[in-house]
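Engineer: Here the protein sequences line up with chains A and B, keeping their order. The numbers in the working numbering rise by one with no breaks, and the one at position 291 of the first sequence is 291. The numbers in the working numbering rise by one with no breaks, and the one at position 113 of the second sequence is 113.
Be a bit skeptical, because a hint or two may be false.
Said to hold, decoys possible - Each computed DSS-like pair below joins lysine-lysine, with the alpha-carbon atoms no more than 25 Å apart:
{"id": "1", "chain 1": "B", "residue 1": "LYS34", "chain 2": "A", "residue 2": "LYS233"}
{"id": "2", "chain 1": "A", "residue 1": "LYS23", "chain 2": "B", "residue 2": "LYS61"}
{"id": "3", "chain 1": "B", "residue 1": "LYS108", "chain 2": "B", "residue 2": "LYS149"}
{"id": "4", "chain 1": "A", "residue 1": "LYS301", "chain 2": "B", "residue 2": "LYS66"}
{"id": "5", "chain 1": "B", "residue 1": "LYS28", "chain 2": "A", "residue 2": "LYS23"}
No lab work stands behind these hints: they were computed from the structure.
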Amino acid sequence: MNKNYFEVIRAGINTTFQDLGRKNLNHIGIPFSGAMDNRNYLIANKLAGNELNFPVIEFAYQGPLLKYCGNKINIAITGDVNFILKKNKDKINGNCYQSLTLEDGDEIDIISTNKSVYGYLAISGKLDVKFQWLSCSTNTKANIGANNGRKLESNQKIYISKINENLNNKKLNYINTKIENIRVIKGTNFDYFSKEGKDIFFKKEFIVSKLSDRMGMRLEGTKIDNIVNTNIKSEGLIKGVIQVPADGNPIIMLSDHGTIGGYPKIGTVISADYDKLVQLTPGSKIKFKEVDLASAETLFKLYDLENQNLISQIL
Amino acid sequence: MIKNISNLGDAALYCDFGQEVNKETNTKVIRYFKSIQKKNIIGVNNLTPSYNKLIVSFDLKKNNFKSLKKEIENLDILNSETLSSEKIVIPVCCDEDFSLDIKRLEEKLKIDREIVYEKFFTKDFFCYMTGFIAGMPFLGDLDKAMRVKRLETPRVKVPKGSVGLTEQFANIYTFESPGGWNIIGNTPKDIFDSSKEIKPNLINPGDIITFKRISKDQYQNYNE
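In isolation and in its complexed conformation, chain A is listed as follows (with noise of 0.2 Å):
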């Protein structure tokens, strides 16, 4: 049992276990989590050869130093990640939306996701972590998931339940691309904001802090002015909804949030656009454009008809 496994020489920033994430929690404190860039999490699945569910390792900036001890298992990593395969003394660099062979011995070393934030590795087969309400993925707030609930650390193993035995090589052609548009719905308390306000928010550019993780990103540019009430009754929040409280500085709850919230919601982050907002680093400009309903629905099966195409691609 368990004879291939990952020796993990070097964690990386913020390595964790993730899949779709968990349903129906909300109501008792525990988001849905889940691989932050949805995209790049399936297509990394698709690469591997797997089910378009299965677990996999998510990585933020520096990824993990892994050597790989087991029997021939085929990997794959998406994003825009600078990693090495070290196989015997030679060092070649890797490529992604590009399946590889690892045999006994060989190092991955992932070494940056360059100037974007989250990167996925996929092992072709089974990775052996916890499941708890159906879900692997790690959530480091309340210590549920995979790895008890925690970040990967250095010196311990990753352990693989079951490879496939098919070593077949899958490709795609695909970069990634950055935006500094995000499109927004305007929020339930988008009123509570002077006129000056909602047109810095509309008009003006903000940066993204260094503060910013898989529960929220924080972004700094000029005061949005409140004219109603800097808080509200805590109410439930979802991903996406970009909170402002009294220092005027935008917060965009990412995948991990906290599930409820006492500051006025000012907008909410389209469904479509949430993978290119997930990957903008500290220092990114960022840019909020306003679409009503019917063209948030419309993007989204844009989005998930290409996420299809994508897919498809790869044989």
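Dock chain B against chain A, hints included.
Structural biologist: For chain B alone, coordinates are given in the frame of chain A:
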């Protein structure tokens, strides 16, 4: 009973039950929450009830705002849909190591600490909602004489098990977490247990909670 349903983004319904925060409004929210939960509506993947709002999230691949709104508006909220509420007693120790803000409470409320404790421990609380962090219950209502604002500077770390007060509400920190509530004591009881997939939360919306004062000795020897 819902005053207005609007969209929160493109994949959630924002059901507004009014501005008031009271048991009556919250009971309506909970009844809708439980009725929708039982219905298993296509695509609904999260329900977030709070004092006077209910957010219904859905998978945009499977449903959309317009049709889900119609479905919720026409939903039968059965009168027989009684809330299955439990009565739960939570042991709390107010030793000085745990009652972190008792001095502040005495000063702000201008009453002696023993009266603060007495008012707190003789009160029946109603659970309005759970969340923010996993399992944290929001309980009300404190008497008018017991209401204080949050700390001016929130603590970076509130210890697990801390029982806090703010305005008309009490809560329990199920994990060590940042927070600004006035800490009156600490419970040794596990309020959230993630190893239980069926009922990880000890306290659920609609439950009635009372706190029972225990000594430090009882706290240290506490056995579930």
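Engineer: Under the constraints set out in the numbered hints, which ones does this structure not fulfil?
Structural biologist: Structure breaks no hint.
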